[in-house]
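Protein chains: 2
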Amino acid sequence: MPDDRYYVTDVPPETPEPADQPAPWTTTTVVGKRLPRVDGYERVSGAAVYTADVVLPDMLYAAVLRCPHAHAMVRKIDTSKAEKMPGVAAILTDKSPGADVPWFNARTGPLSRLFDPHCRYEGEEVAGVAAETPYQAWDAVRAIAVEYEVLPFVADAEDALKPGAVAIHQGGNRSGDVTRYARGDVDAGFAAADVVVEQIYSTACEIHAPTETHASVARWDGNRLVVWDSTQGVYPIQSGLVQLLKLPSSSVRVIGHYMGGGFGSKLSVSKHTVIAALLAKMTARPVKLHLTREESFLAVGNRPPDTMTLKAGVKKDGTLTALQMTVLGTGGAYPGGGVGSVDWVVRDLYTCPNVKTELTDVFINAGQARAFRAPGHPQGAWALEQMMDQLAERIGMDPVEFRLKNVPMVSQATSGTPPYSSTGLKACLEEGAKRFGWSEARKRARTEGPIRRGVGVAAGLWRGGGGGPPATIIVKLFADGSANLNMGASDLGTGTKTVMAMVVSEELGVPLEKIQIEWADTATTQYATASGGSKTVPTESPAARAAALDVKQQLLTMAAAQLKVTPEELVLKNGEIVSTADSSKKVAIAGVNALRGRGLIVGVGYRGPNPEGKVICPFGAHFAEVEVNTRTGEVKVTRFLAAQDSGRAMNELTYENQTQGGITMGLGLALTEGRILDRSQTGKMVNRNWHDYKIPTAMDVPVEQIVIPIDLHDYQANSTAAKGLGEPATVPAAPAVANAIYNACGVRTPDTPVNPLRLMGLLAASKKRG
Amino acid sequence: MPDDRYYVTDVPPETPEPADQPAPWTTTTVVGKRLPRVDGYERVSGAAVYTADVVLPDMLYAAVLRCPHAHAMVRKIDTSKAEKMPGVAAILTDKSPGADVPWFNARTGPLSRLFDPHCRYEGEEVAGVAAETPYQAWDAVRAIAVEYEVLPFVADAEDALKPGAVAIHQGGNRSGDVTRYARGDVDAGFAAADVVVEQIYSTACEIHAPTETHASVARWDGNRLVVWDSTQGVYPIQSGLVQLLKLPSSSVRVIGHYMGGGFGSKLSVSKHTVIAALLAKMTARPVKLHLTREESFLAVGNRPPDTMTLKAGVKKDGTLTALQMTVLGTGGAYPGGGVGSVDWVVRDLYTCPNVKTELTDVFINAGQARAFRAPGHPQGAWALEQMMDQLAERIGMDPVEFRLKNVPMVSQATSGTPPYSSTGLKACLEEGAKRFGWSEARKRARTEGPIRRGVGVAAGLWRGGGGGPPATIIVKLFADGSANLNMGASDLGTGTKTVMAMVVSEELGVPLEKIQIEWADTATTQYATASGGSKTVPTESPAARAAALDVKQQLLTMAAAQLKVTPEELVLKNGEIVSTADSSKKVAIAGVNALRGRGLIVGVGYRGPNPEGKVICPFGAHFAEVEVNTRTGEVKVTRFLAAQDSGRAMNELTYENQTQGGITMGLGLALTEGRILDRSQTGKMVNRNWHDYKIPTAMDVPVEQIVIPIDLHDYQANSTAAKGLGEPATVPAAPAVANAIYNACGVRTPDTPVNPLRLMGLLAASKKRG
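In order, the protein sequence lines correspond to chains H and P. Mapping of the first sequence onto our numbering: residues 544 to 1313, in sequence order. Mapping of the second sequence onto our numbering: residues 544 to 1313, in sequence order.
It is possible that some hints are incorrect.
Below, computed lysine-lysine pairings styled on DSS-like, alpha-carbon distance capped at 27 Å [to be verified]: (1) P:1129 - P:1107; (2) P:1129 - P:1116; (3) P:789 - H:1129; (4) H:969 - H:986; (5) H:1116 - P:789; (6) P:1116 - H:789; (7) P:1116 - P:576; (8) H:859 - H:986; (9) P:1129 - H:789; (10) H:638 - H:624; (11) P:977 - P:1107; (12) H:1116 - H:1128.
Simulated from the structure, these hints should not be mistaken for laboratory data. Source: prediction; values computed, not measured.
Given only the sequences and the hints, what does the whole structure look like? Please build it.
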């Protein structure tokens, strides 16, 4: 329930909720509980059909020929040998009918083509093959003879801006204008500071690496295209295909169903999907195109690498006086937001009157960046949250205290500095520190001997996570009291289906196992925006609640007529409709004659608008304990605690799961992950597999992972009082580890990944090697 | 437009339409046009996926062991050899876990079991097998050793009532009580008549024989069952499975999609569907069970054979004074409505004050009857419409004139004799006779020589075809002006999808090719009753119209806000919303910002109730010209005209197609079709294939088939002014042919089929052989 510590004082908790919103839940019996995923059986047993599992009669398998050079021009393609290979049904090149598809970029318009002769990175698409088996398709890909003119490459953001650097696009290597933000006067701020620190930080390029690689199956029914796609949003894929293939929306059906993660790499249409669709058209047969792990490393997205110079000023009492950040990043060979949102935590995480940022994005010959879980925020937090510790040390203040002193209640970076609908950051820091045993752990730090031990804290916010319209959900209540939930949203594995069914169950009292869920299909389910940016729950759950309430209202009206009472005096409880005025007047759902007669009730729910004049942001604070082996450079995270303010915790278990995923991803950023390009010889990525590119495994995460949901019911935000969780759960994780490493061994680690090789160098340089 | 000749005088056409109904269409631009089916390409190209085409990963194929005797008791089943056959995954018998399913009959409750040891007809289910291939399943079926005790059989309805007849059920061979109906005083009526005629007629048992035989594919997702079924109604199949398998509605999803005819045999759940579901559960794999044509002849339904004694009295002026009918029929071994509705045409087709009927239904050892296109009506019409000609001849009146004299405007058999919402029978007879050239053709009859030529007329009604609630349809309008139509109704091949899309197109101006249709899926589409009884169009099209109007209203409201006008002054025309007050104020659908913002509009439509105090019936009159070869007994139908009153003709082409199908089926009833049971030796059906059981082919139907839609817009019935067409299109066809045969050669043909063997006998007996 609202706690006035976490709302700004001029927006008291009793502020009325936005108009047209149902009354807050006074208590809940399903929502908030710790419940396993409704589709757990299907996912664990193998019954769940992912896109890669879709098998259609007469289906062909496709493979893509990709440019093997970091930078090259295709001079000639000879498919004659490949055409004669066994099982080959079609070969698609830039010359094939219908394949001359201009490839759009949201910000700049067409920048290349589906198969562009100018290949700007290793892995760029050159041709596609459809054959009877995947092996035949791959054999044929290898038999296509391509004459490449290999071009000089640039594999580093700084190199890209040097005079004489090879130009990846006409107009040079700058990707868009430099992004600038300023408030107040940083020079005055630094002048007023007692301590000023400046440091360069960098984060390496991370690969999304979802469990399920990208896959599409395309089938044409006459002029209509049906695509099964591993996607975070069927409607954006539909509109992407509509735009690229010049079809009406009604002619493109996209089915999402089960999927195994996306992390931002499956938000928009990819070239492989279009290739599958065109091959299916050419052959008049269904075509499946399932990318290999290697292709997934090269060509479907990444978190861009950023180099961040951060300068900060602070007074001795802990008041921040100025923050200044310059960023150089690269989204690869195409505009992919190499620096997007990197400065948001600097702008808005802490109260600071003077802030200035400048972000430069450049092209290099590498795969294109895509939205990656909390775009920009983990990078920015890597810099800011280490800086906060550096400042705290300089002024002799506890890092938690220092952060608490600067918790904001308004969004300073938003015009008019509007209040947050709720700010749980204070609670995250306080309750996290208490549960983690922060003060005691700090005292217990072991700073001598080969195995050092230390603890670190970091905070974060996500400049999103409020969700918003449009969203439509339909709930059907069958006459036997079971129900059907119809929504267009994808369930990336996070538990969306479970949470939405819980909302329906809460309102209608239908047990979860009696709710059949249909989702992620543009033809048969309702409109939903893509699942990304921590907005699925805050966007969809109010629509689910509205749909269930619509059903309930109709049901009570039917029952009222039967019981000869008014609908207002009726409540639905345990599958029965009971009069509050006379409890003898009641009827079970299955006994409502009008419902039996009609067969079912259809309820439609929409997501209402967000409150005006407020900013909705989730917050979080992470606490890490590490052991550093100063003889090997190995870092072991022994304990981790994440306190998250994402409004109401809709399901304790999935909340915990998603936070653990965020922590794990943060550990990867901090300690192991990073794309390595061969900068000197070939420009190619050298660690394109699980062996060379390390993501944390179950062996690498701490056994003790504590998740604290602050569970602040934010009815200022929406009718289910939840904010998003996916992104904020990963933002502060990496710098919390970095700060713990410093606490353990006194070495600052400005660059990710802090792997043994790098850490040994730092320890040696600072003479702290054990 | 309403024509007051066809409404009763006390219900003038300007009577307001039922409440809550949208205004009648003043003109239409899509509805009523002659348009090909929207899914024609898919159906013709082979792209349409029928249940038999569904292929799922890891799917097994099932086959059913059926009793080879007309009547037997299973004493022992030995599956040990079959279990060891290659590819066999499971064998299901009455002893298998979960297979002890009581088999219900709607009227009587459980009468048998899924696998009942007492096999009451040849083809009754004894066991099921699932194997890797259909051939392996069939091999295993043949390897199951069953010890039968063969029982005496009864293969004839009259025999079934004889003393000492073998009892098929405990309690004897009467299937339910004798059905009796009476109004007025038939004895007084006969006394008042100038002419009284009595005749015994009979119709043979017809097999439904849809192009696509019955098929089901069952798959379990955990505890949830998904069934692809060739069905006329996914919701009745769902509720049937829910009842039989004791599952909540939310745990059973039924998908119908493409299907190739049902004619009443696919309205309710069949044993093979349950067998597929149980085998899928046993094996944890999907199972397909696709019945063979032979099984389809034996075990999934038929039109019951009826013997009808009809006595009629008439005055010389053509006034009917009395009708009396007794019927003996048999629905086979289980209650299947052996006589249901046989007397309806006698009760209600013509004005007659004194009517008495008595119908007796008995069990025999044969496959169970099921609803068959216009249950009972073609049988009754076979009797009544020949009798009408016999009476007309006796009083020297033209058959058309005689029928016109007795056209009713009220439903005499309904309590209170309420008016029909419209009666187009007069128009059918008048306009049909005119277009057919009835009088001239009668004069041209050739009654000498070996090849005789004659013409005949017959009329009919269908005591249904008004449709009614419940029905829900959802229409989505995408921001690019294309749309999605979501309805639960099946499209049996008749054009339901086409007609519903036309209604949406009419209201929203979206071209048909930009309407994507989802249908017949309990999980993803809206509630619809089964498609049968000529009620799909009158039930669903008003819901489709309401949904489209809901969309339109929302669109106009959005556009009004944008154009700063009132929604009331806006109209939607050619994809634009235009102000009627100021035509410069307009915006294209794609230009409505609020629609773009939301992505799409969702409209929900319900079917309102039918008008009180009225009866909704479609009518028809058929005219046939035949050539009879009196030396071979062959009858060639050379010309046929059907004039149908089914309210508004929604689509001229599908209207014509469906009527032609009705005519063809009537020709089969009249001339070729009839189940033949071996009454003396085995009781088994001897003509269980296309070779021995003749349905009319393209070679057997007249080249000249004229269909006249009377196109009476019956807004008294519903908001699209349409009545049903499927059943009335077949009711009068057979007796029109019989009457033409009589006109050609002077021989009455009381029994179907009038095949050469039978007709030569009649010609010989009456000495009219050529």
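Results of checking the hints against the structure:
For a cut-off of 27 Å, the pair hint linking residue 1129 of chain P to residue 1107 of chain P stands: about 11 Å separates their Cα positions. As the CA atoms of residue 1129 of chain P and residue 1116 of chain P are separated by approximately 10 Å, the hinted pair is consistent with the 27 Å bound. Restraint check: the Cα-Cα separation between residue 789 of chain P and residue 1129 of chain H comes to about 25 Å, which is no more than 27 Å; the hinted pair holds. For the hint pairing residue 969 of chain H with residue 986 of chain H, the CA-to-CA distance comes to about 23 Å; that is within 27 Å, so the pair holds.
A threshold of 27 Å between alpha carbons decides the hint, and for residue 1116 of chain H with residue 789 of chain P the separation of about 24 Å falls inside it, so the pair holds. At most 27 Å may separate the alpha-carbon atoms for a hinted pair to count; residue 1116 of chain P and residue 789 of chain H meet this at roughly 24 Å. For the given pair, residue 1116 of chain P sits about 18 Å from residue 576 of chain P by alpha-carbon distance, which is consistent with the 27 Å threshold. Restraint check: the Cα-Cα separation between residue 859 of chain H and residue 986 of chain H comes to about 23 Å, which is no more than 27 Å; the hinted pair holds.
Our distance criterion of 27 Å between C-alpha atoms is met by residue 1129 of chain P and residue 789 of chain H, whose separation comes to about 25 Å. Of the pairs offered as hints, the one joining residue 638 of chain H and residue 624 of chain H holds, with about 17 Å between alpha carbons and a cut-off of 27 Å not exceeded. Restraint check for residue 977 of chain P and residue 1107 of chain P: not satisfied, since their Cα atoms lie roughly 56 Å apart, outside the 27 Å limit. Simply put, residue 1116 of chain H and residue 1128 of chain H have alpha-carbon atoms about 13 Å apart, close enough for the 27 Å limit, and the pair holds.
Violated hint for the displayed structure: number 11, the only one.
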